[in-house]
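Colleague: Fit chain B to the given chain A structure using the hints.
Protein chains: 2
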Amino acid sequence: MQRIRSVKGQSRKARPGAESKVLRVDTMNQAVVRMQYAVRGLVPTTAEAIQEELRKGAHGRSYDEVLFCNIGNPQSVGQKPLSYYREVLALADCPWLLEKEETLKLFSKDAIDRARLLTSYMAGGTGAYSHSQGILQIRQAVAEFIQARDGYPSDPNDIFLTNGASSAIQMVLTALIASRKDAILIPIPQYPIYSALISLLRGQQIGYQLDEEAQWGLDMDEMKKQLDDARQKGLNPRGLVVINPGNPVGNVLSYDDLKSLVQFCKREGLMLLADEVYQENVYGSRPFISVKKVVRDLGPDYDDFELVSFHSTSKGITGECGRRGGYMEMCGVDPDVMAHVLKLASSQLCSNLNGQIMVDLCLHPPKPGEHSFASWKEERDKIFDGLKRKSKMVYDSLNAIEGVSCQPLEGAMYAFPKIELPRKAIEAAEEKGYTPDTFYALSLLDYTGICAVPGSGFGQKDGTYHIRLTFLPDEDKLEKAMSTFAEHHKHFMQQYS
Amino acid sequence: MQRIRSVKGQSRKARPGAESKVLRVDTMNQAVVRMQYAVRGLVPTTAEAIQEELRKGAHGRSYDEVLFCNIGNPQSVGQKPLSYYREVLALADCPWLLEKEETLKLFSKDAIDRARLLTSYMAGGTGAYSHSQGILQIRQAVAEFIQARDGYPSDPNDIFLTNGASSAIQMVLTALIASRKDAILIPIPQYPIYSALISLLRGQQIGYQLDEEAQWGLDMDEMKKQLDDARQKGLNPRGLVVINPGNPVGNVLSYDDLKSLVQFCKREGLMLLADEVYQENVYGSRPFISVKKVVRDLGPDYDDFELVSFHSTSKGITGECGRRGGYMEMCGVDPDVMAHVLKLASSQLCSNLNGQIMVDLCLHPPKPGEHSFASWKEERDKIFDGLKRKSKMVYDSLNAIEGVSCQPLEGAMYAFPKIELPRKAIEAAEEKGYTPDTFYALSLLDYTGICAVPGSGFGQKDGTYHIRLTFLPDEDKLEKAMSTFAEHHKHFMQQYS
Numbered sequence: 001m002q003r004i005r006s007v008k009g010q011s012r013k014a015r016p017g018a019e020s021k022v023l024r025v026d027t028m029n030q031a032v033v034r035m036q037y038a039v040r041g042l043v044p045t046t047a048e049a050i051q052e053e054l055r056k057g058a059h060g061r062s063y064d065e066v067l068f069c070n071i072g073n074p075q076s077v078g079q080k081p082l083s084y085y086r087e088v089l090a091l092a093d094c095p096w097l098l099e100k101e102e103t104l105k106l107f108s109k110d111a112i113d114r115a116r117l118l119t120s121y122m123a124g125g126t127g128a129y130s131h132s133q134g135i136l137q138i139r140q141a142v143a144e145f146i147q148a149r150d151g152y153p154s155d156p157n158d159i160f161l162t163n164g165a166s167s168a169i170q171m172v173l174t175a176l177i178a179s180r181k182d183a184i185l186i187p188i189p190q191y192p193i194y195s196a197l198i199s200l201l202r203g204q205q206i207g208y209q210l211d212e213e214a215q216w217g218l219d220m221d222e223m224k225k226q227l228d229d230a231r232q233k234g235l236n237p238r239g240l241v242v243i244n245p246g247n248p249v250g251n252v253l254s255y256d257d258l259k260s261l262v263q264f265c266k267r268e269g270l271m272l273l274a275d276e277v278y279q280e281n282v283y284g285s286r287p288f289i290s291v292k293k294v295v296r297d298l299g300p301d302y303d304d305f306e307l308v309s310f311h312s313t314s315k316g317i318t319g320e321c322g323r324r325g326g327y328m329e330m331c332g333v334d335p336d337v338m339a340h341v342l343k344l345a346s347s348q349l350c351s352n353l354n355g356q357i358m359v360d361l362c363l364h365p366p367k368p369g370e371h372s373f374a375s376w377k378e379e380r381d382k383i384f385d386g387l388k389r390k391s392k393m394v395y396d397s398l399n400a401i402e403g404v405s406c407q408p409l410e411g412a413m414y415a416f417p418k419i420e421l422p423r424k425a426i427e428a429a430e431e432k433g434y435t436p437d438t439f440y441a442l443s444l445l446d447y448t449g450i451c452a453v454p455g456s457g458f459g460q461k462d463g464t465y466h467i468r469l470t471f472l473p474d475e476d477k478l479e480k481a482m483s484t485f486a487e488h489h490k491h492f493m494q495q496y497s
Numbered sequence: 001m002q003r004i005r006s007v008k009g010q011s012r013k014a015r016p017g018a019e020s021k022v023l024r025v026d027t028m029n030q031a032v033v034r035m036q037y038a039v040r041g042l043v044p045t046t047a048e049a050i051q052e053e054l055r056k057g058a059h060g061r062s063y064d065e066v067l068f069c070n071i072g073n074p075q076s077v078g079q080k081p082l083s084y085y086r087e088v089l090a091l092a093d094c095p096w097l098l099e100k101e102e103t104l105k106l107f108s109k110d111a112i113d114r115a116r117l118l119t120s121y122m123a124g125g126t127g128a129y130s131h132s133q134g135i136l137q138i139r140q141a142v143a144e145f146i147q148a149r150d151g152y153p154s155d156p157n158d159i160f161l162t163n164g165a166s167s168a169i170q171m172v173l174t175a176l177i178a179s180r181k182d183a184i185l186i187p188i189p190q191y192p193i194y195s196a197l198i199s200l201l202r203g204q205q206i207g208y209q210l211d212e213e214a215q216w217g218l219d220m221d222e223m224k225k226q227l228d229d230a231r232q233k234g235l236n237p238r239g240l241v242v243i244n245p246g247n248p249v250g251n252v253l254s255y256d257d258l259k260s261l262v263q264f265c266k267r268e269g270l271m272l273l274a275d276e277v278y279q280e281n282v283y284g285s286r287p288f289i290s291v292k293k294v295v296r297d298l299g300p301d302y303d304d305f306e307l308v309s310f311h312s313t314s315k316g317i318t319g320e321c322g323r324r325g326g327y328m329e330m331c332g333v334d335p336d337v338m339a340h341v342l343k344l345a346s347s348q349l350c351s352n353l354n355g356q357i358m359v360d361l362c363l364h365p366p367k368p369g370e371h372s373f374a375s376w377k378e379e380r381d382k383i384f385d386g387l388k389r390k391s392k393m394v395y396d397s398l399n400a401i402e403g404v405s406c407q408p409l410e411g412a413m414y415a416f417p418k419i420e421l422p423r424k425a426i427e428a429a430e431e432k433g434y435t436p437d438t439f440y441a442l443s444l445l446d447y448t449g450i451c452a453v454p455g456s457g458f459g460q461k462d463g464t465y466h467i468r469l470t471f472l473p474d475e476d477k478l479e480k481a482m483s484t485f486a487e488h489h490k491h492f493m494q495q496y497s
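Respectively, the protein sequence lines represent chains A and B.
Using UniProt numbering, read the first sequence as starting at 1 and increasing by one per residue.
Using UniProt numbering, read the second sequence as starting at 1 and increasing by one per residue.
Bound-form chain A, shown alone:
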């Protein structure tokens, strides 16, 4: 039986014996070969192998399980689903239950009402394809959420319900990248779906470095410089990605930063792509402000400004990753272009209906006075307060380690500490053919069972080394992990200094 090999270290040459194949590494789409996607790369793959080893027992390791901090997958590490949402989903899938008396013994009254309302929107229930943009009434609900959030109107015709934010991002980049010279500005560090898709679509990425010392804030001079350099090289910059709250860096951008950014994009003729999937994950004093609000605040001159904003059911407090629910709002986009994007969506028929329903639910949770409000709020607060405490604990623990520094964790669900690596460690890494941060992350994994992602997967300033870890696991486990993290760091430094 053939087994899938790890992508790591794979050359573009076909393996011996593959000569007779139609599809080989050297004859397949080279954009796919070149594409990199770190979140599920070498370190997580190694972690899965260790997990398997641990499962078999008699492993001689000092830990009993791998702590998967590599991916923002809350429910895989113990976060509970919000039960009201799940009740509505279940009832929408079994509409015959809505008419039975016994249902009230297992489901809350308002979940039944909500499911009844939702299914009334769907001619064929959850088993039929919807409109390719998504169910109209759910898009209306999204528009209402946006309007309530920003204080400015939103049009359901501008909303696309999608399989997570990922597929929305892919659609927009597919429309935007028209030639090999078309370039997209992305933050460094960034979430690697951007670099991966730009590479897949044969566009060019232009990194703009976030200012680590300024809490990963924007540096507009740096951005302008990168843009000008790219133009001088003959590239055609067309779009700019901002991730706020930040993944992987956990920052929240200020109003002034966002305003400068929007003005910059308008001046420079760039479409702005705002990844706002962590808008609910804000733990510090700085509030989340949507780019849409900043654009509208800027007045009629910006009515035509081209902005696409992404949101998801996978993050926030909901954490429903497996649902693959999400949406994008396309503001100021030419109607002819919108028609082509709709056609692109149509070719995949529609996004999954459970995901669409989850979008509706997490943007419009139970309201005060409704039957499930109290239990929903209790569950929700428990998750949110836990995330907030953990963000603080991880921040404090990391900064207490010599040679490790971490900016305030104001948003999202990640820490992106800088690790000062000794020269001997860097040489040892080179010898093994790893980047120094991969070498460090592999050592951390081996010693502690903590699975983190090397900073090089997200991009980082030359000569600096980071890792990304989520602060999603249970508080007890995470606290213990921070202590073994510190032990490993000491051990590592002793070994390589």
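Please keep in mind that the hints were generated in silico from the structure rather than gathered at the bench.
Incorrect hints may appear among the rest.
Which copy? The list can't say, so a pair holds if one copy fits it or any two copies do.
[Stated by the list, open to error] Here are the computed lysine to aspartate or glutamate pairs in the DMTMM-like style, where the Cα-Cα straight-line distance is at most 20 Å:
| hint | residue 1 | residue 2 |
| --- | --- | --- |
| 1 | Lys181 | Asp26 |
| 2 | Lys100 | Glu53 |
| 3 | Lys477 | Asp303 |
| 4 | Lys266 | Glu19 |
| 5 | Lys388 | Glu99 |
| 6 | Lys225 | Asp381 |
| 7 | Lys80 | Glu99 |
| 8 | Lys181 | Asp229 |
| 9 | Lys266 | Asp301 |
| 10 | Lys424 | Asp211 |
| 11 | Lys56 | Glu430 |
| 12 | Lys233 | Glu213 |
| 13 | Lys13 | Asp26 |
Modeller: Same frame as chain A, but now just chain B:
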């Protein structure tokens, strides 16, 4: 407010007023602009407008509702979901119900057991990302299904669970099309996702005409001729698509046809893509035979043969389109290539978990002796027998009309009748800027409320005209529709002869 315009008749020129936009029809990805997708094109869009008109009342039309026969969306036109599947889905979403006594009053015992088993596979339940290929145990269940069906082993590592078959098709074509000269052979007529994605990926399509008079069978000489022509033009044919049972033509290929096809692909160095999403929809005497079985029957010389087969939860008797569940099996594909395809899947994290569960359910329905078997079988037989009767009724009705002919409907859920159009109709169509079949389909829609898709959206022999209609609606409605279809045809012929 901007409104999305219809794609129809759209030129590549930007509309007046769009000059200031970054993203315009003339600056966006032209592969997206060129891409066509008929199933949700002009006729369905017009149908939606008429539906809206009907809803408002006082319309003066002879019908009260549009009969959407344009898309294989069973549950949107009255097909009931199979309740056992939905029970399991609901319980997997609300695992706390599994422990409650009252649950037995609303859910069947074996659905509870099945949900308990399924959730035991999922560390984070339905709310967590799974492995990017899909949950291992569900892939094992898929492999068992394939093995039982074909009598040959299947490897779970060769299976990818995907958001419907569409996203699987997109992944494979993305890997396969490496340059503008790379070409894929597709049947004519075909399901337009193939032409759409080949166009989007900037590859070339080579149509091989199915032989209408031979029940839409394969014509190997024609196929060889098309292939040679393409090579002479400097194209590099890399893959061949077969759709069996056929969409849009409703045929089922014979063992001999499939064998010739596999041998042809091996001889010519083509990867074979087998779209088998209608494998359960077989109504005639000819059984469905998977390409995988034919390949394995051919013995060790074909062990290395590169075959990707697609299946889906959207069709069959299940008809769970909104679930976006599906899988592909990649046989004989180079392991290095598999690793890159897995990376491609990873960039979208994973397919939705409800869709993954639905794959498991519809491949392994309740067995004889299990609590839900009788009710499941009753529901299933009702749907299947209905489809079978309707296929016969539609076939008979269409062939009873002078100037309309339809090949036997042995599989899938569509009729693709040939319509002989008088010269005056063709001229009238040209005058209005429509293809003759679009003109006919629009006239049919206007007169009867039946929404069908013009054959030109699927491809057809020059000088022939077809439409595709599903036979999914309720029998009563469909019977009435066939009668108004005949009336319209008579009316149309009187008008244009």
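Colleague: Determine which of the earlier numbered hints do not hold for this structure and return their numbers in increasing order.
Modeller: Result: hints 2, 3, 5, 6, 10, 11 and 12 break, sorted rising.
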